[in-house]
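Peer 1: Protein chains in written order, with our numbering: chain A, 1 to 432; chain B, 433 to 748; chain C, 749 to 1164.
Hints listed in this document are in silico derivations from the structure and should not be mistaken for laboratory results. Certain hints may be false.
Among chain B residues calculated to face chain A with C-beta under 8 angstroms, some are [claimed, not checked]:
#1 V524
#2 G532
#3 L717
C-beta atoms are modelled at their ideal positions from N, C-alpha and C, and glycine is treated no differently.
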Amino acid sequence: MSEISKTASPATARPLMKTLLPWIGFFILLLALPNIFSSNVGLYTMNLMGIFVIFALSYNMLLGQGGMLSFGHAVYFGLGGFMSVHFMNYIEDGDFTFPMYLIPIFGGLIGLVFGIIIGSFSTRRAGTVFAMISLGVGELMAASSLIFVAFFGGEEGVSGDRTTGPDLMGINFGQDIHIYYLIAGWVFVTVALMYLFSRTPAGRMANAVRDNAERAEFVGYSQRKVRFVSFCASGFFAGIAGGLFALNFEIVTEENLNALTSGTVLLMAYIGGVGFFIGPIVGAVIFTLLQSILSNYTDIWQLYVGILFVLTVMYVPQGLTGIFMMHTAAWRMRRVGSLILPYLRAGVPALAMLTGIAAFLETIHHMRSSVEGETAMSMMGVDFDSHSFVAWIVILALVVVGGYLTRSQLPQLKEAWEMANKPPAQREGAGS
Amino acid sequence: MLELIFFSLLNGVVTGLLLFMLASGLTLIFSMMGVLNFAHASFYMLGAYFAYTISIYLGFWVGLIVAPILVGLLGAVVERYGLRYVHRWGHVAELIFTFGLAFLIEEVVQFIWGKDTKAYHEPEILQFPLFTFFGQNFPAYKAFMLVISIGIFILLLLILTRSRVGLIIQAAIHKPNMTAMLGHNVPLVFMGVFGVGCALAGLAGVIAGPALGTFPGMAFVLGSIVFVIVVVGGLGSLTGAFVASLLIGLLQTFAIALDYSVNDLLQLFNISFDADSALRDLWTLSLPQIAPILPYLLLILILIFRPTGLFGNRET
Amino acid sequence: MKLKTTILISAAVAALTAFTAQAADTIKIAFIDPLSGPFAATGTSGFKQAQFAADMLVNQKGGVIDGKMFEIVGFDNKISPKESLVQLKRAIGEGIHYIMQGNSSGVANALTDAVKKHNDRNPDDLVLFMNYSAVDPALTNEKCNFWHFRFDANANIKMNALTDVIAADDSIKKVYIIGQDYSFGKAVAAGAVKYLGEKRPDIEIVGNELHPIGKVKDFTPYATKIRASEADAIITGNWGADMVGLAKAIGDAGIESPVYTYYAANDGITKTIGASGKDKIRLVHEGRVNPPPTDEYKAYHMAFKEKYPEADISQFRIANALVMLANAMNQTKSTDPAKVAMALEGMEYTTIQGDKVVMRAEDHQLMQPISISVHTDENIILDADNSGYGLVTEKTISAADADIPPSGCNMERPAS
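The following block holds chain A by itself, in its conformation from the complex (with noise of 0.2 angstroms):
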């Protein structure tokens, strides 16, 4: 084998071209995004957006790699941001001498020793078990954090300031746009290694167990032991995600590792979908989009996020990711082309639909929740009057008649989709 690969050196150089190439897009992406989103709040969602990437890229180690549903991730998250905060702290007392900048890898190194202990009994089984586990894990830390109010800071959390400490050539990281930079840093280097770890013998065996446990045993390898590593190394990753937080937000409260944020990164990862490497990336990007601008336009978005979850697990349970991957088949044979018409012919009345559907919600909740009398309302830019019949009728028209449009042509949208993914090899057996 090492003589093949040795002789073929050459050969793989344009693969290894061909992996970088991502990798050095990514980077250049990450570089040039404060560029194009300058504003305060541009920054802002990207720092969390980087934050959210990493504490869902090291979920999905678990779940999507691993096969365990947890219901408590956010107790490394959480752990890592208190551990990091009170590091900040010790520094800005002048406790010790420390760069600010690689604070995280406090946050990193306990989550990675509460997930070697923690690990240590709930990684036996997968399943329900485990998942019950964590989540009596998880809620046990949330109610702890009130109590030993020294570490935790009970109500208020911690608090601490990152400006302090050696700086990195001048810059003390008091600026958003530092702070960018810096989550940036970590995002790529973290990205890299989960990447990495995902290509090791150990992740590659967590897909095994995850997949077929008993067969991952007969080839020699402990099924406990390769949760185990898994679970070690997600909960180090999340810490450092929990470090960023600090960073960025120079507070943690109890919320980082309460029920809620672990229900979030669940979120996330798998409106991504699982199932991919770049899935929670995608999950996490839309999810806190969705978190910082949707929210500036209504008020029930987390509505809109829990149907959207609804029917990502019933109907897409490989994610968002999941139906660009679907199309690779029609890319290779390059027939994607093929569909673009189709899915406009669709896409257009469907959109139409959603829209009607979204009206429908926010004028309901307009009427519901705004002042007496107050009938005026605004959305998507068209300002109308919520008690009108006119509105009423429109919406009810945008839904019907988009419904039916859209429902009459899924028969050819059907079609077009297996004529695009129709295997070549007919055609190919029939020269041969």
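Assemble the complex: chain A is given as a structure, and chains B and C must be docked to it using the hints.
Peer 2: Frame of chain A, contents of chains B and C only:
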């Protein structure tokens, strides 16, 4: 002190029996279908909200009967068109589905009824102190809750042990495949049990709404506690669920009533600690403070050392 | 994925910039408070009062500096310190320089710290924090900072007034203190122990208890404990849902002892207490309702009830804060937070309730008269929760008498 113990006991039993109404449905569903229904407490919340809306127009008593039925029907629909569909993606997907459902129901409740606490009150005729003991009142409504819960427990026990349907359900709990082979329509049984379980949760919501408040977070507050009861009690064991419910109920009230701390214990042995050390919280911990942790500690210990639960005979 | 992300972000951000393009003649004030969750009732009521006060007392009087209008923008912080900082960042991102917050001292502690850090790091983009209700004494003592102004009386000032009343009642021998487990609840407990110890050392504190904030659903076990302790009086700083629950449990258990509170009125609390708390519940607060101190205030209150029939003016200090801000802007002819802050320091103002109030320059604590009122249905002109019940003021302590000097405030002022 006697007064404190008496009332804590009473309150603990009321809370415990209320929890049992939730746990009994959940444990039946869990043991039959293998699905830990995260949304179970959400049906409890829906019960309270339905009853609130009905009580505005038709009064409390109509709500008491109609709301659980509506919740039960909704539960059956969720099983038939949601859970059964998701079943094809496997157990993990089912678990995630119920989790998503819990999230969605909370959002829908906020959308329909708003984010504030609803003024859902006990009926006028139950608004009087039933008896006074050591000068402290015991509200009649609490007694009413007690009676309803005990009634449900007896009814469930009778149905499960004395009726034909009960026998099939028991059979489906222990050997689902065998039951199906015997020609029973197991999917129908599943749907029925899911619906009835949800209806029980709904009933719990109807009677708990006025006492514990009707607000969008009410499901979240009880949700994980009910899991603890089901796991601690043991899979498929109603007795286990009953004992665990009472245990948790009493634990919660007595922990508040009895104000002892680790420090008190240590002082019995004449040990004292530095009040300023970083571990000071450990020494000053009092029983009311650690009360919220105890159920989860119990859950983890049970899962590690006795995965069958206290009264169960099958592993989770 | 990257392309998609880019498109998504650019679309979203483009939409956002269009959205935030604001008219130059409005001054936005961010109202960061719980607009959802267990304390939503208190937060949304405050939001309405702020909007109404801005409209009636500032905008309808011609606005500030040649017609600039106040606009109150709501930001939901879900009563979480972390979420508050998120909302603060959002508000700053939208170009807002004035923020208002009141519910929870925990949140106020986080905000005052974050505002200070922000102003230190961004001297060109300053933010001023008007605290209308968070009364943890530390905020104007050891944690004081130049950008924070408190328009409510702090917990110690209120406790000083409250214990005067308790101390005068010889029938009280045993007191039970119960509060929420966070900085404010602890401050109330500490204040009660301190002042009762000074004024009435013979009073025994039979219970001093903290419960989790916003998480207790059934207060019956606590009521049982209070009853068993045979307390003659109860002191609590509870507010929002925690006050509703506690009041209900105390009523259900048939406890007859008087309850001394900070926030047991309005937002559904008065209605819940109803007849069971008549002449039993006392409140320490600023701003009087019954009898209405001035005709101007009465008209203002009635106009508010007309617009929001379901809400009440429960926090009159919100109006004071906004008018004083407007006055400071008019005085300096500027909306620069640094100049406005300087003008607010030491500012005197006569409220529409006819009270003279002063923003003490040393620690930014507003000095104002404090009242003790009782929950009753007699002599009520302006009721609360449309219940027929309301507060009647029994005693008013002048600003000078209520005063407690600042301690430990070392304020750094910007060099200018």
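Peer 1: Each hint needs a verdict: does it hold in this structure or not?
Peer 2: Tested hints:
1. V524: OK, holds: V524 of chain B within 8 angstroms of chain A, min 5 angstroms.
2. G532: This hint holds: G532 of chain B lies near chain A, its Cβ roughly 4 angstroms from the closest one there, short of 8 angstroms.
3. L717: holds, 7 angstroms
Every hint, counting from the list given before, is met by this structure.
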